[in-house]
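Below, each chain spelled out in residue letters.
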Amino acid sequence: MSGRVLVGVKRVIDYAVKIRVKPDNSGVVTDGVKHSMNPFCEIAVEEAVKLKEKKLIKEVVAVSCGPQQSQETIRTALAMGADRGIHVEVAGKDYETLGPLQVSKIMAALAKKEDAQLLILGKQAIDDDCNQTGQMTAALLDWPQGTFASEVSLDGDKVKVVREIDGGLETIKISTPAVLTADLRLNTPRYATLPNIMKAKKKKIANVKPADLGVDLTSRLEVLKVEEPPQREAGVKVETVEDLVGKLKETGRI
Amino acid sequence: MANPLKGEVIRLYKNLLYLGREYPKGSVYFRERLKSAFMKNKDVTDPEQIKKLVARGDFVIKELEALYFLRKYRAIKKRYYEPEE
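For the record, the sequence lines run as chains A and B. The UniProt record's numbering puts the first residue of the first sequence at 1, with every later residue one more than the last. The UniProt record's numbering puts the first residue of the second sequence at 1, with every later residue one more than the last.
Derived from the structure by calculation, the hints contain no laboratory data. C-beta: ideal position from N, C-alpha, C; glycine also. Treat the hints with care, as some may be off.
Quick list of in silico lysine-lysine cross-link-like pairs, PhoX-like style, CA-CA up to 25 Å [as the list claims (entries may be wrong)]:
#1 18(A) / 77(B)
#2 72(B) / 18(A)
#3 78(B) / 18(A)
One-sided excerpt, in silico: chain B residues whose CB lies under 7 Å from chain A [stated by the list, open to error]:
#4 12
#5 18
#6 49
Please model the complete structure; the sequences and the hints are all you need to start from.
Here it is in structure tokens:
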């Protein structure tokens, strides 16, 4: 086994920022807004780095698809312990329509090219909340998948994954190479401090175009409209129980 | 200021300033307080004292990292997971 782990990281609007919808309802305001690595992607990077520190794998490669600024996200992954990065350059209109289908095609091509033993992704991105990229990539590669992982352990050429599912926890054993997606409780991501960022400047980030990987970026989806959720209406206060019953009858609730 | 420790103090200041960018009350608020905290101790010459202050600064770094993690964890947990019974 190559001992190489690929980690996908996505540059998203920072989780703490208040999102504003563009006046023309075509999307969300991104210009001048603080961006950072998707929190679930941070957890994915941390897991890969942990595996390397335990000497279970040899190399961690951070991958991001997007414009020039995606390199900052790769730099953060390098500061957290990844060995090198791959920036798949997607800009302009292509970037606006970039979704799980295109990204999973890119990831699948890279996973084959880099002879990856594991591909770890965040379970979903906090901007589009698709929760599809990991699953689609596994399908394209015909690799087993351990999604919503809250615990990962390597056992020879197999991986034991404890998954967070609706009913509780499910433990599965899958063979490598495999795709894993990280859930919140998988680990505690380390902070990329200034000394780490400085050290990471020496690490290399390769530049790749989707065409080099033979990937077609055409989207089958078209965003028609983006709206804010409906404003919560103010509540009405009543004095007595009779008033409450009266009001409920009025609005046809009972 | 004792020469080798000068580097330590500057390193600490830079690291804290970098961390302050994500401070919930804003990086400007953080920078003002960071500067005044360092300025308050600018006349300390005893190397032992300086080492103690630098250690306290490193402790603050750990506290900030914990703060940022908890804040993010709680926000994501609240947004994506059902409240526990």
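Evaluation of the provided hints:
1. 18(A) / 77(B): Distance of about 17 Å is within 25 Å: holds.
2. 72(B) / 18(A): The given pair, whose Cα atoms are some 14 Å apart, holds under the 25 Å limit.
3. 78(B) / 18(A): With Cα atoms ~16 Å apart, residue 78(B) and residue 18(A) stay inside 25 Å; holds.
4. 12: violated (10 Å)
5. 18: Since the shortest Cβ distance to chain A is 4 Å, the answer is holds.
6. 49: This interface hint is violated because 24 Å lies over the 7 Å limit.
Violated hints for the displayed structure, listed by number in ascending order: 4 and 6.
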